[in-house]
Amino acid sequence: MPNARGATVEFRDVTKQYADQVAVDGLSFTVPAGKICILVGPSGSGKTTSLKMVNRLIEPTSGAILIDGTDVLQEDPVQLRRRIGYVIQQVGLFPHQTIEENVGTVPRLLGWPKDRIRSRSIELLALVGLDPKRYAARYPAQLSGGERQRAGVARALAADPPVMLMDEPFGAVDPIVRDRLQAELLRIQRDQGTTVLFVTHDIDEAIRLGDRIAIMKDGKLVQYAPPGELLAHPANEFVAQFVGSDRGLKRLGLLTAGGADLDSGIERAGVDPRAPELKASTTLRDALALMLERGVQQAPVVDDNDGRYLGVLTLAKISKMLGSQA
Amino acid sequence: MTEGEPLIRWDWIGSHLDEIGFRLLQHVELTAIAVTVGFIIAFVLSLLILRIPRIEGPVTWVTGTLYTIPSLALFALLIPYTGLTLLSAEIGLVSYTLLILIRNIVRGIRDVPADVIEAATGMGYDNSDRFWRVEVPLATAVIIAGVRVATISTIGLVTVTALIGQGGFGFLILIGIQRFFSTELIVGAVCSVSLAIFADAMLVLLQRRLTPWTRVAG
Numbered sequence: 000m001p002n003a004r005g006a007t008v009e010f011r012d013v014t015k016q017y018a019d020q021v022a023v024d025g026l027s028f029t030v031p032a033g034k035i036c037i038l039v040g041p042s043g044s045g046k047t048t049s050l051k052m053v054n055r056l057i058e059p060t061s062g063a064i065l066i067d068g069t070d071v072l073q074e075d076p077v078q079l080r081r082r083i084g085y086v087i088q089q090v091g092l093f094p095h096q097t098i099e100e101n102v103g104t105v106p107r108l109l110g111w112p113k114d115r116i117r118s119r120s121i122e123l124l125a126l127v128g129l130d131p132k133r134y135a136a137r138y139p140a141q142l143s144g145g146e147r148q149r150a151g152v153a154r155a156l157a158a159d160p161p162v163m164l165m166d167e168p169f170g171a172v173d174p175i176v177r178d179r180l181q182a183e184l185l186r187i188q189r190d191q192g193t194t195v196l197f198v199t200h201d202i203d204e205a206i207r208l209g210d211r212i213a214i215m216k217d218g219k220l221v222q223y224a225p226p227g228e229l230l231a232h233p234a235n236e237f238v239a240q241f242v243g244s245d246r247g248l249k250r251l252g253l254l255t256a257g258g259a260d261l262d263s264g265i266e267r268a269g270v271d272p273r274a275p276e277l278k279a280s281t282t283l284r285d286a287l288a289l290m291l292e293r294g295v296q297q298a299p300v301v302d303d304n305d306g307r308y309l310g311v312l313t314l315a316k317i318s319k320m321l322g323s324q325a
Numbered sequence: 000m001t002e003g004e005p006l007i008r009w010d011w012i013g014s015h016l017d018e019i020g021f022r023l024l025q026h027v028e029l030t031a032i033a034v035t036v037g038f039i040i041a042f043v044l045s046l047l048i049l050r051i052p053r054i055e056g057p058v059t060w061v062t063g064t065l066y067t068i069p070s071l072a073l074f075a076l077l078i079p080y081t082g083l084t085l086l087s088a089e090i091g092l093v094s095y096t097l098l099i100l101i102r103n104i105v106r107g108i109r110d111v112p113a114d115v116i117e118a119a120t121g122m123g124y125d126n127s128d129r130f131w132r133v134e135v136p137l138a139t140a141v142i143i144a145g146v147r148v149a150t151i152s153t154i155g156l157v158t159v160t161a162l163i164g165q166g167g168f169g170f171l172i173l174i175g176i177q178r179f180f181s182t183e184l185i186v187g188a189v190c191s192v193s194l195a196i197f198a199d200a201m202l203v204l205l206q207r208r209l210t211p212w213t214r215v216a217g
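Chains as they are written, first to last, in numbering that gives the first Met the number 0: chain A, 0 to 325; chain R, 0 to 217.
For the record, the hints were derived by calculation from the structure and aren't laboratory data. Treat the hints with caution; some may be incorrect.
Taking CB as the label site, the calculated pair distances span [said to hold, decoys possible]:
hint: 1; chain 1: A; residue 1: Ala63; chain 2: R; residue 2: Leu46; range: 33 to 43 Å
hint: 2; chain 1: R; residue 1: Val192; chain 2: A; residue 2: Glu183; range: 32 to 42 Å
hint: 3; chain 1: R; residue 1: Ile54; chain 2: A; residue 2: Gln181; range: 47 to 57 Å
hint: 4; chain 1: R; residue 1: Gly56; chain 2: A; residue 2: Phe237; range: 41 to 51 Å
hint: 5; chain 1: A; residue 1: Asp12; chain 2: R; residue 2: Thr213; range: 47 to 57 Å
hint: 6; chain 1: A; residue 1: Glu58; chain 2: R; residue 2: Phe197; range: 45 to 55 Å
hint: 7; chain 1: R; residue 1: Thr35; chain 2: A; residue 2: Ala125; range: 45 to 55 Å
hint: 8; chain 1: R; residue 1: Gly56; chain 2: A; residue 2: Asp178; range: 24 to 34 Å
hint: 9; chain 1: A; residue 1: Glu58; chain 2: R; residue 2: Trp131; range: 17 to 27 Å
hint: 10; chain 1: R; residue 1: Thr35; chain 2: A; residue 2: Thr29; range: 52 to 62 Å
hint: 11; chain 1: A; residue 1: Gln16; chain 2: R; residue 2: Ile54; range: 26 to 36 Å
hint: 12; chain 1: A; residue 1: Asp130; chain 2: R; residue 2: Pro211; range: 15 to 25 Å
Anything over 10 Å on all C-beta distances counts as not near chain R; from chain A, calculated [what the hints assert, rightly or not]:
hint: 13; residue: Gln16
hint: 14; residue: Tyr17
hint: 15; residue: Val77
hint: 16; residue: Val90
hint: 17; residue: Ala182
hint: 18; residue: His232
hint: 19; residue: Gln240
hint: 20; residue: Val295
hint: 21; residue: Gly306
Keep in mind the model is a prediction, meaning the values are calculated, not measured. Backbone N, C-alpha and C define an ideal beta-carbon position, used for all residues, glycine too.
Produce the complete structure using the sequences and hints provided.
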């Protein structure tokens with residue numbers, strides 16, 4: 000697998016002014032190379048406008064957007080776009096091309112030799128979980144919504160772009176499929192090392208996928224932080240409301256039993272036998288749910304791989320972690 | 000019709016196959032030139048409309064007006080200028096194809112889904128690549144639907160050009176009327192209709208070949 004190296008993306012005081020309103024107002028933040036940055040906010044907050052300024056589908060009124068230090072406004076937009084992956088909610092696969100041809104779009108525009116385009120397309124279909132033997136020769140109309148979105152991601156990644164832009168890519172698929180697509184995006188992104196800018200209005204999606212979350216409102220950046228910090232320390236009332244009153248629980252979803260402060264003074268045999276045995280990778284949120292369900296105060300935690308007993312997780316410890324964030 | 004004469008004299012057909020063949024070629028030629036030239040003009044005008052939308056009204060008005068002129072009158076009006084020639088026939092025939100062809104070309108291109116356009120632009124198609132490789136292929140089905148209607152109506156109209164010395168099968172119809180000879184009239188009409196049906200079937204096949212993706216299960 001050729002590993003694309005992600006690029007740093009920096010917004011420097013970016014403003015987009017339309018005749019009667021400011022869509023994006025003095026936006027500044029930096030996405031480190033190889034990270035997923037989620038732009039989230041209510042509709043009209045300027046998140047999609049911000050995304051589309053990166054590949055110049057929308058031109059900023061002022062400010063600069065730098066990819067690895069180079070201002071995108073200095074580049075030819077057509078050449079720029081061929082180096083940036085782009086995925087939209089409606090996918091926009093070409094109905095008149097097979098899935099293989101669709102995936103090979105950017106390599107074809109870049110003039111790669113035919114057999115290299117072909118092998119790259121096949122490789123990417125496999126990467127996104129579409130069996131090339133079954134899907135390569137099909138037309139988009141023959142795919143389900145989830146399969147089309149996978150093909151869309153494969154198409155965006157075809158030429159190893161250092162940056163990928165995703166505009167509500169999973170907004171139109173059902174929750175079960177969305178869940179799987181999110182998991183696969185994380186796997187692929189880790190594998191490829193691509194820097195991803197991802198727009199959504201769904202805070203849960205943002206928390207699940209984001210290394211960093213940029214919360215926007217009325218064209219302004221309200222808070223830019225990793226998900227854990229956002230949940231623990233919302234910058235203001237708007238952010239607190241936007242992440243939801245259950246932000247404590249959401250935060251527990253980011254923490255694992257193995258990472259908690261376990262009480263190792265208790266013997267494995269001394270733990271309530273009704274207690275569920277937790278793997279170290281279990282999230283505290285799931286652990287809490289299991290413990291409440293069984294009606295126990297504590298549960299043993301074991302190593303994922305060898306089952307070695309690590310210690311006991313108690314409700315008191317979980318509660319303390321919830322309390323510590325206020 | 001002459002009394003006592005059968006509606007169709009099959010022996011006449013047998014002895015006039017050369018004549019029928021000649022009229023067939025003439026009919027096909029008149030139609031092919033008209034649709035081809037009409038398509039080129041319509042395509043150029045459609046490009047202009049897509050680029051400068053405010054000319055759509057005037058273009059539609061002019062081609063619509065041409066379309067409403069009775070064909071008999073139009074061909075007669077052309078005689079003082081271009082005579083009893085192929086050119087006169089084609090000026091009329093081409094004029095009648097424009098309205099339908101322009102309408103379908105413009106609609107076909109405009110109906111290309113916005114998400115497809117956005118994806119194409121976002122991936123680095125320049126405008127002309129996107130037009131020829133994405134928009135035109137996707138508009139092909141609608142464009143060919145227009146070509147089918149234009150072709151069928153042109154094949155019918157070609158018969159009228161018999162009045163200015165052209166006409167294809169229309170020549171047989173005209174002579175049949177003048178001589179009160181029903182066989183020739185019927186042969187001319189039936190051949191013209193058959194040619195239209197055949198041409199339409201060929202265009203359907205062409206459309207299927209050019210747009211294989213429209214036939215897959217959705």
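Verification of the hints:
For the hinted restraint 33 to 43 Å between alanine 63 of chain A and leucine 46 of chain R, the CB-CB distance of approximately 37 Å keeps it satisfied. Separation of valine 192 of chain R from glutamate 183 of chain A is about 59 Å and departs from the stated range, judged on CB atoms against 32 to 42 Å. Judged by the Cβ atoms, the range 47 to 57 Å given for isoleucine 54 of chain R and glutamine 181 of chain A holds: they are separated by roughly 48 Å. Evaluation of the 41 to 51 Å hint for glycine 56 of chain R and phenylalanine 237 of chain A yields a pass: the beta carbon distance comes to about 49 Å.
As the Cβ distance of aspartate 12 of chain A to threonine 213 of chain R is approximately 49 Å, the hint placing it in 47 to 57 Å holds. Between glutamate 58 of chain A and phenylalanine 197 of chain R the beta carbon distance is about 53 Å. The supplied range of 45 to 55 Å therefore holds. At roughly 47 Å, the beta-carbon separation of threonine 35 of chain R and alanine 125 of chain A lies within the given 45 to 55 Å, and the hint holds. About 51 Å separates the C-beta atoms of glycine 56 of chain R and aspartate 178 of chain A, a value inconsistent with the hinted range of 24 to 34 Å.
Between glutamate 58 of chain A and tryptophan 131 of chain R the C-beta distance comes to about 25 Å, which sits within the given range of 17 to 27 Å. For threonine 35 of chain R paired with threonine 29 of chain A, a C-beta distance near 59 Å keeps the hint of 52 to 62 Å intact. Take glutamine 16 of chain A and isoleucine 54 of chain R: their Cβ atoms lie about 32 Å apart, and the range 26 to 36 Å holds. Look at aspartate 130 of chain A against proline 211 of chain R: about 22 Å separates their beta carbons, and that is inside 15 to 25 Å.
Interface exclusion of glutamine 16 of chain A from chain R stands, the closest Cβ pair being 22 Å apart, more than 10 Å. Distance check on tyrosine 17 of chain A: its Cβ is at least 19 Å (rounded) from any Cβ of chain R, clearing the 10 Å threshold; non-interface status holds. Look at valine 77 of chain A: its CB is around 5 Å from the nearest CB on chain R, not clear of 10 Å, so calling it non-interface is violated. With a least beta-carbon separation of about 7 Å from chain R, valine 90 of chain A fails to lie farther than 10 Å from that chain, contradicting its non-interface assignment.
Residue placement check: alanine 182 of chain A keeps its beta carbon more than 10 Å from all beta carbons of chain R (closest about 24 Å). Its beta-carbon lying about 36 Å from the closest one in chain R, histidine 232 of chain A satisfies the requirement of being farther than 10 Å from that chain. Non-interface call for glutamine 240 of chain A relative to chain R: holds, since the shortest CB-CB distance, roughly 32 Å, exceeds 10 Å. Against chain R, the non-interface label of valine 295 of chain A holds: every CB pair exceeds 10 Å, the least being about 51 Å.
Every CB of chain R lies more than 10 Å from the CB of glycine 306 of chain A, the least distance being 48 Å, so the non-interface label holds.
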